[in-house]
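*Asks:* Residue numbers (the numbering used here), protein chains in the order written: chain A, 1 to 189; chain B, 1 to 400; chain C, 1 to 177.
One thing to keep in mind: the hints can contain errors.
[Claimed, not checked] Derived lysine-lysine pairs resembling DSS-like cross-links, with alpha carbons at most 27 Å apart:
1) Lys-107/C to Lys-174/C
2) Lys-107/C to Lys-352/B
3) Lys-110/B to Lys-162/C
4) Lys-79/B to Lys-20/C
5) Lys-107/C to Lys-328/B
6) Lys-85/C to Lys-79/B
7) Lys-20/C to Lys-110/B
8) Lys-53/C to Lys-355/B
9) Lys-68/C to Lys-352/B
10) Lys-68/C to Lys-355/B
11) Lys-79/B to Lys-174/C
12) Lys-68/C to Lys-79/B
13) Lys-107/C to Lys-355/B
14) Lys-352/B to Lys-85/C
15) Lys-105/C to Lys-352/B
16) Lys-162/C to Lys-328/B
17) Lys-110/B to Lys-174/C
18) Lys-105/C to Lys-79/B
19) Lys-85/C to Lys-328/B
[Unchecked claim] FRET-style restraints, in silico, Cβ to Cβ:
20) Tyr-203/B to Gly-144/A: 24 to 32 Å
21) Glu-266/B to Thr-156/C: 35 to 43 Å
22) Glu-94/A to Glu-31/B: 32 to 40 Å
23) Pro-260/B to Gln-97/C: 39 to 47 Å
These are computed hints drawn from the structure, not numbers from a lab. Each residue gets a CB set at the ideal place from its N, CA and C atoms; glycine is no exception.
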Amino acid sequence: MGLLDARISNRNVLVTSVDNVMNWARLSSLWPMGFGLACCAIEMMATNASNYDLERFGIFPRSSPRQSDLMIVAGTVTMKMAERVITLYEQMPEPRYVLSMGSCSNCGGPYWNHGYHVLKGVDRVIPVDVYVPGCPPRPEALIGGLLKVQELIRMEGIGLSRQDALKKLVEKSVDTQQVLDQARKAATA
Amino acid sequence: MQELGKAELNSTRIIHQDDNRVVIEKDLDTEYMVLSMGPQHPSTHGVLRLECITDGEVVVEAEPYLGYLHRCFEKYCEKIDYPAIVPYTDRMDYLAGINTELAYCITVEKLLDIEIPRRVEFIRVITAELNRIASHLVAIGTYGIDLGAFTPFLFCFRDREIILNLLEWISGARMLYNYVWIGGLSYDVPADFRKRVAEFVTYFKPKVVELRELLTENEIFVKRTKGIGIMPAEVAINYGWSGPMLRGSGVKWDLRRNDPYSIYPELDFDIPVPDGKFSDVGDSLSRHLVRALEIDESLKIIEQCLDKMPEVAGFDPRAVIPKRIRPKAGEVYGRAENPRGEVGFYIVSDGKSTKPLRCKARSSCFVNLSAMKDLSKGQLIPDLVAIIGSIDIVLGEVDR
Amino acid sequence: MDKGMEEAGNIMSAMVQESKAAYDIIRERFGEAVSEFDANATMPFFEVLDTAKWVDIALFMRDDARLKFNCMACLSGVDYLEEGKLGIVCNFESIGQFTHRIAVKVKCQRDGGSIPSVSCVWHTANWHEREAYDMYGMVFDGHPDLRRILCPEDWTGFPLRKDYQVQETYHGIKVPY
Numbered sequence: 001m002g003l004l005d006a007r008i009s010n011r012n013v014l015v016t017s018v019d020n021v022m023n024w025a026r027l028s029s030l031w032p033m034g035f036g037l038a039c040c041a042i043e044m045m046a047t048n049a050s051n052y053d054l055e056r057f058g059i060f061p062r063s064s065p066r067q068s069d070l071m072i073v074a075g076t077v078t079m080k081m082a083e084r085v086i087t088l089y090e091q092m093p094e095p096r097y098v099l100s101m102g103s104c105s106n107c108g109g110p111y112w113n114h115g116y117h118v119l120k121g122v123d124r125v126i127p128v129d130v131y132v133p134g135c136p137p138r139p140e141a142l143i144g145g146l147l148k149v150q151e152l153i154r155m156e157g158i159g160l161s162r163q164d165a166l167k168k169l170v171e172k173s174v175d176t177q178q179v180l181d182q183a184r185k186a187a188t189a
Numbered sequence: 001m002q003e004l005g006k007a008e009l010n011s012t013r014i015i016h017q018d019d020n021r022v023v024i025e026k027d028l029d030t031e032y033m034v035l036s037m038g039p040q041h042p043s044t045h046g047v048l049r050l051e052c053i054t055d056g057e058v059v060v061e062a063e064p065y066l067g068y069l070h071r072c073f074e075k076y077c078e079k080i081d082y083p084a085i086v087p088y089t090d091r092m093d094y095l096a097g098i099n100t101e102l103a104y105c106i107t108v109e110k111l112l113d114i115e116i117p118r119r120v121e122f123i124r125v126i127t128a129e130l131n132r133i134a135s136h137l138v139a140i141g142t143y144g145i146d147l148g149a150f151t152p153f154l155f156c157f158r159d160r161e162i163i164l165n166l167l168e169w170i171s172g173a174r175m176l177y178n179y180v181w182i183g184g185l186s187y188d189v190p191a192d193f194r195k196r197v198a199e200f201v202t203y204f205k206p207k208v209v210e211l212r213e214l215l216t217e218n219e220i221f222v223k224r225t226k227g228i229g230i231m232p233a234e235v236a237i238n239y240g241w242s243g244p245m246l247r248g249s250g251v252k253w254d255l256r257r258n259d260p261y262s263i264y265p266e267l268d269f270d271i272p273v274p275d276g277k278f279s280d281v282g283d284s285l286s287r288h289l290v291r292a293l294e295i296d297e298s299l300k301i302i303e304q305c306l307d308k309m310p311e312v313a314g315f316d317p318r319a320v321i322p323k324r325i326r327p328k329a330g331e332v333y334g335r336a337e338n339p340r341g342e343v344g345f346y347i348v349s350d351g352k353s354t355k356p357l358r359c360k361a362r363s364s365c366f367v368n369l370s371a372m373k374d375l376s377k378g379q380l381i382p383d384l385v386a387i388i389g390s391i392d393i394v395l396g397e398v399d400r
Numbered sequence: 001m002d003k004g005m006e007e008a009g010n011i012m013s014a015m016v017q018e019s020k021a022a023y024d025i026i027r028e029r030f031g032e033a034v035s036e037f038d039a040n041a042t043m044p045f046f047e048v049l050d051t052a053k054w055v056d057i058a059l060f061m062r063d064d065a066r067l068k069f070n071c072m073a074c075l076s077g078v079d080y081l082e083e084g085k086l087g088i089v090c091n092f093e094s095i096g097q098f099t100h101r102i103a104v105k106v107k108c109q110r111d112g113g114s115i116p117s118v119s120c121v122w123h124t125a126n127w128h129e130r131e132a133y134d135m136y137g138m139v140f141d142g143h144p145d146l147r148r149i150l151c152p153e154d155w156t157g158f159p160l161r162k163d164y165q166v167q168e169t170y171h172g173i174k175v176p177y
């Protein structure tokens with residue numbers, strides 16, 4: 001509330017763009033569809049529970065795809081399940097975001113080599129916005145991924161396509177190698 | 001799909017009768033409805049699809065459809081070395097990783113000529129029992145959530161986080177450990193291990209009592225689970241049930257006693273079997289009760305192991321692991337008592353290769369779930385949710 | 001140490017001896033329909049040579065008062081590539097009655113082979129046989145509902161066979177990495 005109070009002190013009037021307000025509203029109440037498939041689902045449940053509470057971000061899991069705006073694909077997607085994933089994705093109303101959690105849904109994970117029934121990455125069937133690596137990713141990593149989705153939403157604009165928003169996000173992001181080099185320099189200096 | 005028949009044509013039926021009026025239905029023509037629960041469903045514990053044929057609210061038949069998480073475990077076993085299979089066994093029953101790794105390792109060790117150091121055995125049992133408690137906490141928490149009780153879920157996960165922190169401290173990972181290796185362990189336990197585990201046991205004992213008062217003795221919970229999904233003992237044995245499912249039906253069968261492995265013969269613990277006073281023998285409440293009481297027994301086992309565990313200076317848990325794991329030619333079926341039942345591995349080795357010729361994983365949940373079709377006949381749809389919750393399935397193990 | 005190893009050896013052979021005693025009862029009843037007993041230390045087993053008698057042997061094993069193998073622990077399909085055969089390996093035990101355990105093997109031809117189903121004797125066999133069919137392709141005669149259980153209904157090929165080749169696409173989705 002501190003930021004708002006600073007801006008709206010006397011006059012109860014805030015001047016900003018429509019994009020900012022819409023994006024702020026959307027990112028503050030991301031309702032994911034609980035689409036837990038395998039082991040990553042348990043880490044997602046642990047992130048929802050009290051230790052790494054997700055509800056403080058406004059993230060509240062919904063059971064139905066028609067009432068959610070984010071799909072967290074947590075776990076291995078198999079060939080049998082792939083068509084159902086497409087159906088569920090199409091049932092979500094726009095604007096919708098997809099976060100791929102864990103290596104299995106990123107690229108097939110540990111089952112990439114001989115897994116005949118495993119879909120090698122959920123991005124073969126639906127468009128993914130953010131990937132969270134890990135097997136399974138720690139709850140902090142999942143929260144980091146969700147914050148990335150929130151950053152992506154900040155880049156959105158009315159009339160702007162999702163591809164443009166993703167491009168803007170990539171341009172704004174920091175080059176990790178630079179950060180690591182700087183940190184190393186500071187440590188050895 | 002088989003022909004769906006019409007339900008009996010009821011010409012007249014009394015719906016309601018009291019002093020003032022009688023309400024009757026005339027010529028009600030009903031049909032069966034096919035309702036598909038899943039694969040995406042909040043209370044099927046994963047990607048399980050239940051095709052229910054219902055007559056109104058009463059289920060005529062509910063058949064499970066599997067395979068939505070089939071991850072080709074057995075094909076992997078034929079293509080990679082014996083030690084490399086251990087992480088894949090973790091991912092089968094992802095809530096009880098250490099127990100499944102233990103089942104696999106003791107099976108392969110039957111074909112090797114090595115003697116496991118005593119300290120390794122004790123650490124294996126302590127971590128396995130900690131994992132058993134964590135797994136039962138998830139089972140109880142999610143069972144509560146299925147039936148509408150949200151608070152026990154949060155309590156269970158709070159306590160589970162402490163166990164996960166302990167296991168992460170020992171092995172490096174919160175959930176999928178790759179800790180129990182064939183012939184030993186990957187790392188020894190840190191120096192303060194005994195102190196911290198003893199602290200956890202002291203902290204957790206009153207929490208078990210709290211959980212019992214919150215959920216198990218809750219009147220609504222008892223009403224929703226007592227008398228639901230009763231399975232008689234002989235039928236349960238014929239279905240191949242094991243673990244808490246079989247003990248819930250009154251059969252005192254626990255692999256840690258009946259087919260002992262590791263150092264369980266030296267430990268003193270009870271096998272809780274419900275006697276029908278609080279619940280009906282064989283119903284969902286009995287199965288839940290077995291899991292809740294087993295947590296106490298696991299705490300007892302951990303305390304005894306902490307007392308008896310030998311301290312060895314400069315201990316190397318990888319000391320007796322052979323450089324190349326090449327078991328002698330033969331076949332073996334080895335099994336262990338997992339939180340969900342009997343997990344067995346049937347391994348065929350040809351004596352020359354470092355990869356198994358065949359490794360079949362006998363999964364407890366696969367066998368437990370096969371009785372679903374018979375258990376669900378005549379139940380109401382909400383009771384179906386209560387039954388699935390009491391079977392406590394993990395789809396990674398069902399589909400492998 | 002020597003005494004411990006000797007005791008361990010005796011305990012192992014006690015288990016094998018119990019299995020042999022159970023085998024002798026079956027052999028006495030069915031004669032040449034079952035093979036000789038393989039008394040190895042890890043998994044003692046016998047093979048059913050006359051597969052037409054498999055259901056009768058199964059019923060005898062379950063119901064005879066001296067055997068009472070009321071629980072089938074596991075049924076695994078195996079591919080014997082060199083012999084050109086497929087087979088199943090079943091592990092049995094007797095819960096609450098006796099302490100003996102035994103394993104049984106039944107084999108059939110690789111192409112078009114079939115084994116009688118014992119799902120009427122032990123319910124465990126129902127889904128395990130479906131899985132063996134799904135993975136290997138051997139047909140179980142008399143099974144009430146023999147169809148694929150883990151792979152999709154329209155999957156081509158039997159995945160656990162040694163000569164299995166993965167299909168390129170499934171419903172338009174690329175399968176290999």
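*Asks:* Take the hints in turn and mark each one as holding or not.
*Replies:* Now the hints, each set against the structure:
no.: 1; hint: Lys-107/C to Lys-174/C; verdict: violated, 35 Å
no.: 2; hint: Lys-107/C to Lys-352/B; verdict: holds, 24 Å
no.: 3; hint: Lys-110/B to Lys-162/C; verdict: holds, 25 Å
no.: 4; hint: Lys-79/B to Lys-20/C; verdict: violated, 35 Å
no.: 5; hint: Lys-107/C to Lys-328/B; verdict: holds, 24 Å
no.: 6; hint: Lys-85/C to Lys-79/B; verdict: holds, 21 Å
no.: 7; hint: Lys-20/C to Lys-110/B; verdict: holds, 20 Å
no.: 8; hint: Lys-53/C to Lys-355/B; verdict: violated, 35 Å
no.: 9; hint: Lys-68/C to Lys-352/B; verdict: violated, 38 Å
no.: 10; hint: Lys-68/C to Lys-355/B; verdict: violated, 36 Å
no.: 11; hint: Lys-79/B to Lys-174/C; verdict: holds, 22 Å
no.: 12; hint: Lys-68/C to Lys-79/B; verdict: violated, 38 Å
no.: 13; hint: Lys-107/C to Lys-355/B; verdict: holds, 23 Å
no.: 14; hint: Lys-352/B to Lys-85/C; verdict: holds, 22 Å
no.: 15; hint: Lys-105/C to Lys-352/B; verdict: holds, 23 Å
no.: 16; hint: Lys-162/C to Lys-328/B; verdict: holds, 21 Å
no.: 17; hint: Lys-110/B to Lys-174/C; verdict: violated, 41 Å
no.: 18; hint: Lys-105/C to Lys-79/B; verdict: holds, 24 Å
no.: 19; hint: Lys-85/C to Lys-328/B; verdict: holds, 23 Å
no.: 20; hint: Tyr-203/B to Gly-144/A: 24 to 32 Å; verdict: holds, 30 Å
no.: 21; hint: Glu-266/B to Thr-156/C: 35 to 43 Å; verdict: violated, 53 Å
no.: 22; hint: Glu-94/A to Glu-31/B: 32 to 40 Å; verdict: holds, 37 Å
no.: 23; hint: Pro-260/B to Gln-97/C: 39 to 47 Å; verdict: violated, 19 Å
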